[in-house]
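Enquirer: Sequence:
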Amino acid sequence: MKISNFLVLSFLLFAFTATSIFPHAVHAEAVIDAFGDEVRTGDRYIIGAASNDFAVTSSPIICNSDVLLSPMSHGLPVIFSPVVESNDSVIHEDSYLNVDFDAPTCRMAGVSTMWKIELRPTARGFVVTTGGVAGLNRFKITKYEGGNNLYQLSYCPISEPICSCSCVPLGNVVNRLAPSTIPFPVVFVPSNRASKIEYKMV
455 MKISNFLVLS FLLFAFTATS IFPHAVHAEA VIDAFGDEVR TGDRYIIGAA SNDFAVTSSP
515 IICNSDVLLS PMSHGLPVIF SPVVESNDSV IHEDSYLNVD FDAPTCRMAG VSTMWKIELR
575 PTARGFVVTT GGVAGLNRFK ITKYEGGNNL YQLSYCPISE PICSCSCVPL GNVVNRLAPS
635 TIPFPVVFVP SNRASKIEYK MV
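If you're matching positions, the sequence shown starts at 455 in this note's numbering and goes up one per residue.
By construction, these hints were calculated from the structure, which means they are not laboratory data.
Treat the hints loosely; a few may be bogus.
[Claimed, not checked] Across the chosen pairs, the derived CB separations fall in these ranges:
1) L573 x V544: 29 to 35 angstroms
2) G490 x E572: 34 to 40 angstroms
3) G601 x S634: 17 to 23 angstroms
Note that beta-carbon positions come from the ideal geometry of N, C-alpha and C, so glycine has one too.
Produce the entire structure from the sequences given, and follow the hints as far as they go.
Expert: Okay, structure coming up:
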């Protein structure tokens, strides 16, 4: 009886400890868009900066372009997909993601519009650009403290080309999306409802 009790208590202790250490793995929250709905795999979203009316886009030449910040009306939709395939169509916080611009003309030409990190000597560091490969260029969405439905984008290298950390926050660096120590809260707006929302200074 004592052995059975010990085993039960040990299992309960292990279960409690695992839940405490890995809270996001056990209870990963769904990412919520600007209208309060769950962000879903395969749907198109404009990534808007919560601090002003900028949105994530590419240069006028969409194919083989860096990821830039432009007025909200010029935002280019993106599509999120989990690096590890799942039957769950909901995008969750702290999960590894592929991020892909919705640009069918580029894909038809065989050009990848998937995000990746690349060194740009002219930009004095790494920037987010296109031309990535699924599963090899991992990004992550985490909750941003201080507002409803606000999130932080990060890049999570498989190796460590940038630093020894697991993930690097992304921010506005001279109107480019790039690794940054300055917080950059964003919102996700369904592309078919972008005209119904206006994000100004908060």
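Enquirer: Look at each hint and say if it fits the structure.
Expert: Hints, verified against the model:
no.: 1; hint: L573 x V544: 29 to 35 angstroms; verdict: 34 angstroms, holds
no.: 2; hint: G490 x E572: 34 to 40 angstroms; verdict: 35 angstroms, holds
no.: 3; hint: G601 x S634: 17 to 23 angstroms; verdict: 18 angstroms, holds
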